[in-house]
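Undergrad: The primary structure of each chain is shown beneath.
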Amino acid sequence: GENVEQHPSTLSVQEGDSAVIKCTYSDSASNYFPWYKQELGKGPQLIIDIRSNVGEKKDQRIAVTLNKTAKHFSLHITETQPEDSAVYFCAASMDNSGYALNFGKGTSLLVTP
Amino acid sequence: GAGVSQSPRYKVAKRGQDVALRCDPISGHVSLFWYQQALGQGPEFLTYFQNEAQLDKSGLPSDRFFAERPEGSVSTLKIQRTQQEDSAVYLCASSRGGELFFGEGSRLTVL
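Chains as they are written, first to last, in my numbering: chain A, 1 to 113; chain B, 114 to 224.
In case anyone wonders, no lab produced these hints; they're calculated from the structure.
Small disclaimer: the values here were computed from a predicted structure and weren't measured.
We put the CB at the ideal spot given by N, CA and C, even for glycine.
Check before you lean on any hint, since a few could be wrong.
[To be verified] Partial list, computed: chain A residues near chain B (C-beta under 10 angstroms):
#1 S9
#2 Q45
#3 C90
#4 A91
#5 G104
#6 G106
#7 S108
[As the list claims (entries may be wrong)] List time: in silico PhoX-like cross-link candidates among lysine-lysine, alpha-carbon distance up to 25 angstroms:
#8 K191(B) / K170(B)
#9 K124(B) / K42(A)
#10 K191(B) / K42(A)
#11 K58(A) / K22(A)
#12 K170(B) / K105(A)
Let the sequences and hints guide you as you build the complete structure.
TA: As structure tokens, this is what we get:
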């Protein structure tokens, strides 16, 4: 089955700096790659996603890049703010409806003022 | 409500007890998913419903786990004869075929 590796497991940045989280996946059939943000005591919330026919997608301060050849994708957050502090999960699926997502283990991001 | 609602939010069970966790999906969402999230880990897929049909239960860890969605709306995840390794947050998500919307989860602690 699909195996998603995520790193780093923890990341601390100063407010205003950029943060980058990287994930690799094993199954070349995967074609849907969402990123979720999970705050303490809450469920994961989709922040951005990318499908395999696109190499990059941007939404304000958040961007995701996908390299299908290398089977890796990354989340980029620019101009970080303290409210960006949370656990971020990448995921991969062979069904772009979001069915049976395989999640990474998460990255705990801390943005210090 | 506007979002996915799960109850109870917290459940403490003695080993061997049965538990039932409830999920109220967003109205009109035909797809419903259950995930298990152990402490410090990402969610792991348990099972998937489309309306009342359980299309995939490959992620259920043992036959002690059972899920149903009899009328295609509310779903219940039942765990029989709970074990300590069942301690986790159980997340429910619903979808109309695109983005998954997660509830806040039910945290189960088995003593």
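Undergrad: State for each hint whether it applies.
TA: Taking the hints in turn, this is what the structure says about them:
1. S9: Holds. Min distance 9 angstroms.
2. Q45: 7 angstroms, holds
3. C90: Holds - the Cβ of C90(A) comes within 10 angstroms of chain B, reaching about 9 angstroms at its closest.
4. A91: Holds. Min distance 8 angstroms.
5. G104: 5 angstroms, holds
6. G106: 5 angstroms, holds
7. S108: 9 angstroms, holds
8. K191(B) / K170(B): The hint holds at about 13 angstroms.
9. K124(B) / K42(A): At roughly 16 angstroms apart (the allowed maximum being 25 angstroms), K42(A) and K124(B) satisfy the hint.
10. K191(B) / K42(A): With Cα atoms ~22 angstroms apart, K191(B) and K42(A) stay inside 25 angstroms; holds.
11. K58(A) / K22(A): 16 angstroms, holds
12. K170(B) / K105(A): 22 angstroms, holds
Violated hints are absent here; each numbered hint is respected by the structure.
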